[in-house]
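Q: Next come the chains, spelled out residue by residue.
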Amino acid sequence: MIESLEPVLDNLPFLWAGIETTLVVSALSVACSLVLGFAAGLGRCFGPAWLRLPLVFYIDSMRAIPVLVVIVWTFFAFPILFGLTMTPIVAAVGAISVHVAASIAEIVRAGVESIRQGQSWAGLALGMSHAQLLRKVILPQAVTRMLPSFGSAIIVTIKDSAIASVIAVPDVIRHAESVVAQTYRPFEVYSFAMLVFFAILFPVARVVDRLYLRIGHRGRS
Amino acid sequence: MNATTDKAIRADRAAVPRLEFVEVRKAFGDLVVLDGVTIRVDPGEVVCVIGPSGSGKSTLLKCANALEPIQGGRIVFDGQPLPADAEGIRRVRRRMGMVFQSFELFPHMTALANVEAGPRTVLGMDAASARARAEALLDKVGLADKAAQYPSALSGGQQQRVAIARALAMEPEVMLFDEPTSALDPETIGEVLGVMKRLAEEGMTMVVVTHEMTFARRVADRVVVLDRGRVLEEGPPRQIFEEAREPRTREFLSHLEWTG
Amino acid sequence: MTLDWSVVWEHRWALAAGAAMTIQLTVLTMLLAVPGGILLAAMRLSPLRLLRWPATAFVEFFRCTPLVLQVYWAFYVLPSEFDVRLSGFATGLLALTLNVSAFNSETFRAGISSIRRGQSDAALAMGMSSFQAFRIVVLPQAVKRVLPVLATTWVALFKDTSLVSVIAVSDLAYTAMQLRSRTFRILEMLTAMALIYWAMGYPQAKITDWIHRRMAGRE
Numbered sequence: 009m010i011e012s013l014e015p016v017l018d019n020l021p022f023l024w025a026g027i028e029t030t031l032v033v034s035a036l037s038v039a040c041s042l043v044l045g046f047a048a049g050l051g052r053c054f055g056p057a058w059l060r061l062p063l064v065f066y067i068d069s070m071r072a073i074p075v076l077v078v079i080v081w082t083f084f085a086f087p088i089l090f091g092l093t094m095t096p097i098v099a100a101v102g103a104i105s106v107h108v109a110a111s112i113a114e115i116v117r118a119g120v121e122s123i124r125q126g127q128s129w130a131g132l133a134l135g136m137s138h139a140q141l142l143r144k145v146i147l148p149q150a151v152t153r154m155l156p157s158f159g160s161a162i163i164v165t166i167k168d169s170a171i172a173s174v175i176a177v178p179d180v181i182r183h184a185e186s187v188v189a190q191t192y193r194p195f196e197v198y199s200f201a202m203l204v205f206f207a208i209l210f211p212v213a214r215v216v217d218r219l220y221l222r223i224g225h226r227g228r229s
Numbered sequence: 046m047n048a049t050t051d052k053a054i055r056a057d058r059a060a061v062p063r064l065e066f067v068e069v070r071k072a073f074g075d076l077v078v079l080d081g082v083t084i085r086v087d088p089g090e091v092v093c094v095i096g097p098s099g100s101g102k103s104t105l106l107k108c109a110n111a112l113e114p115i116q117g118g119r120i121v122f123d124g125q126p127l128p129a130d131a132e133g134i135r136r137v138r139r140r141m142g143m144v145f146q147s148f149e150l151f152p153h154m155t156a157l158a159n160v161e162a163g164p165r166t167v168l169g170m171d172a173a174s175a176r177a178r179a180e181a182l183l184d185k186v187g188l189a190d191k192a193a194q195y196p197s198a199l200s201g202g203q204q205q206r207v208a209i210a211r212a213l214a215m216e217p218e219v220m221l222f223d224e225p226t227s228a229l230d231p232e233t234i235g236e237v238l239g240v241m242k243r244l245a246e247e248g249m250t251m252v253v254v255t256h257e258m259t260f261a262r263r264v265a266d267r268v269v270v271l272d273r274g275r276v277l278e279e280g281p282p283r284q285i286f287e288e289a290r291e292p293r294t295r296e297f298l299s300h301l302e303w304t305g
Numbered sequence: 063m064t065l066d067w068s069v070v071w072e073h074r075w076a077l078a079a080g081a082a083m084t085i086q087l088t089v090l091t092m093l094l095a096v097p098g099g100i101l102l103a104a105m106r107l108s109p110l111r112l113l114r115w116p117a118t119a120f121v122e123f124f125r126c127t128p129l130v131l132q133v134y135w136a137f138y139v140l141p142s143e144f145d146v147r148l149s150g151f152a153t154g155l156l157a158l159t160l161n162v163s164a165f166n167s168e169t170f171r172a173g174i175s176s177i178r179r180g181q182s183d184a185a186l187a188m189g190m191s192s193f194q195a196f197r198i199v200v201l202p203q204a205v206k207r208v209l210p211v212l213a214t215t216w217v218a219l220f221k222d223t224s225l226v227s228v229i230a231v232s233d234l235a236y237t238a239m240q241l242r243s244r245t246f247r248i249l250e251m252l253t254a255m256a257l258i259y260w261a262m263g264y265p266q267a268k269i270t271d272w273i274h275r276r277m278a279g280r281e
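Sequences listed follow chains A, B and C, in order.
Under our numbering, think of the first position of the first sequence as 9, with each following residue one higher.
Under our numbering, think of the first position of the second sequence as 46, with each following residue one higher.
Under our numbering, think of the first position of the third sequence as 63, with each following residue one higher.
Please keep in mind that the hints were generated in silico from the structure rather than gathered at the bench.
Heads up, the beta-carbon is just placed ideally off N, CA and C, and yes, glycines get one too.
Check before you lean on any hint, since a few could be wrong.
[What the hints assert, rightly or not] Derived CB-CB ranges, DEER-like:
#: 1; chain 1: A; residue 1: R218; chain 2: B; residue 2: V67; range: 53 to 61 Å
#: 2; chain 1: B; residue 1: G117; chain 2: A; residue 2: D217; range: 48 to 56 Å
#: 3; chain 1: A; residue 1: R124; chain 2: B; residue 2: E68; range: 29 to 37 Å
#: 4; chain 1: A; residue 1: D217; chain 2: C; residue 2: L112; range: 22 to 30 Å
#: 5; chain 1: A; residue 1: W24; chain 2: C; residue 2: R179; range: 43 to 51 Å
#: 6; chain 1: B; residue 1: V67; chain 2: C; residue 2: R179; range: 51 to 59 Å
#: 7; chain 1: A; residue 1: L203; chain 2: C; residue 2: L112; range: 23 to 31 Å
#: 8; chain 1: B; residue 1: G235; chain 2: C; residue 2: R197; range: 46 to 54 Å
#: 9; chain 1: B; residue 1: G99; chain 2: A; residue 2: R124; range: 44 to 52 Å
Please model the entire structure based on the sequences and the hints provided.
A: Okay, here's the thing in structure tokens:
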């Protein structure tokens, strides 16, 4: 089956450039989605009604729409609507971040709500303001609980970055497609791409599994 | 020296009650939990609130520091009604200390950090002063050696004593105890009641919701019996426990004695 | 910028066909992936290494690589290397099924393992056979834990079917994107595509919430 590794080895620099793009898109998407999602989650929990309702709508809607659709819409339709252009990478990172941020927001909400009401009473009884209560009592406990789910969301984000190839982001899949078109060796080249993703995601998945085990052993407050 | 008569004299001299519930009404939706409760607590007094479950005892305390809103009547603290604004409420809460049935220590902080939490976060105290105050209070409740431990490593009684120290760290004018020993093993109840008794002897104004009748008998200046959201009877412990006027009071007490 | 939404209405039947294909793929995949997941879970829980290791490798592989790449791989490699020629639909279905089976196996494995040992001990102590203990005591409780996760997986699957569009399978995404190219009404078509997915997916998400609530309450 594998006649030789030539198709991969000969084109390694080109494929490597694709891997770099994948890593950049993944990293940027993870960072942006965590920041956006955390803000959205806190806004959804504690914000005024005019903020909460649109946030709930946004969060629920992202659960219904595929990330591919969001990516394609962001790259092709958004510029028409607002009269600006964007590079494929910007569109991809923006779309994936907005999509994943909705799940992050839900994780934040679940984490915050899992803290017993008694903890809030204890903090408020001492005279803490709501902001102090959140910062000193609620979030430190909640974030620990959220970590495994954040880990799963990060895995999803990295996989979503692969879909960016659909809007011609020059990632590892796009570059693999080019190499296959020239070498006619899809098996070696696509398998290589698979292995690249596996090499990135497998360690992350193991860390997440470990987190789930450790957090599961923690008592409730 | 008779601690009880000493406090009784002090109470008589008080012009302004420390805490007052005036015709307080509280409902959760359709369920009326407090139906016109009037209780007066003078400075230095220890008032124990007893009564059957469902009588509204716990809710009463949470109304005192506005953790629960009331629908009728008013709460008066140090001659002033409870403020309506958030900042005002926070200032009042700093002057009241609350101890919960479930301790509610912050599990991600050591015992010392728990006691420091109030002074550092709320009072903006510097680290050194807060630490000194916390260490002194932990020593006072007999847990100086547990300062670096996390709540999960402490027994129930120890956790509750830390919780008392945490509340005292704010130097409150009144301490509210919400069934402080109900969640404790019998062996550890004594150590917590001991701390509370010393507090009372030092002259702290205390409102204690409790099932511990022996404590109420020995330490309370006044006992209030709450039943179905109303004050059934109140008076010095001797009156309530030995010469109760209301039949329902006697019924409640005899039931307790029998099961206790 | 002038918008012409009539194009969407003009091509409503094509879009409906695409939506039907999306639903078809979702239903078929889940029908295949539930038994697939049970099989894999059983293999992973088996005492035999011969069964456990391949199943674990399979599951890890499908969880740690992107679905879109799995679709590409199946589409290009099966004909060229293994001389297996499947339609685009079948290829997409295959990739989706294998992928979701892997996730389901984790769901089933966790659900079964999470039932406390004491439960089956208690059942056996009453004199039940292993099979009875499983059927009467463990399985109903496992179902309660598994059902909400399956519902969430279903909604994720519904969204993932859009990836078959990359191999020109005429689901909603592909159909809408083709129409966009043909009619040049980019904003209208793409927005319509998003709205139709939203209209189908939103109720599914809400039903999933309901299932989570119902199952959690009974614990």
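Q: Look at each hint and say if it fits the structure.
A: Hint check:
1. Judged by the Cβ atoms, the range 53 to 61 Å given for R218(A) and V67(B) holds: they are separated by roughly 57 Å.
2. Checked against the given bound of 48 to 56 Å, the beta carbons of G117(B) and D217(A), roughly 55 Å apart, stay inside it.
3. Taken as a hint, the range 29 to 37 Å holds for the pair R124(A) and E68(B), whose Cβ atoms sit roughly 32 Å apart.
4. Checked against the given bound of 22 to 30 Å, the beta carbons of D217(A) and L112(C), roughly 23 Å apart, stay inside it.
5. Roughly 50 Å separates the CB atoms of W24(A) and R179(C), a value that falls within the hinted 43 to 51 Å.
6. At about 57 Å, the beta-carbon gap between V67(B) and R179(C) stays in the expected band of 51 to 59 Å.
7. Against the hinted window of 23 to 31 Å, the Cβ-Cβ separation of L203(A) and L112(C) comes to about 25 Å, which satisfies the hint.
8. Between G235(B) and R197(C) the beta carbons are some 51 Å apart, a value that agrees with the proposed interval 46 to 54 Å.
9. Between G99(B) and R124(A) the C-beta distance comes to about 22 Å, which lies outside the given range of 44 to 52 Å.
Hint 9 alone, counting from the list given before, is not met by this structure.
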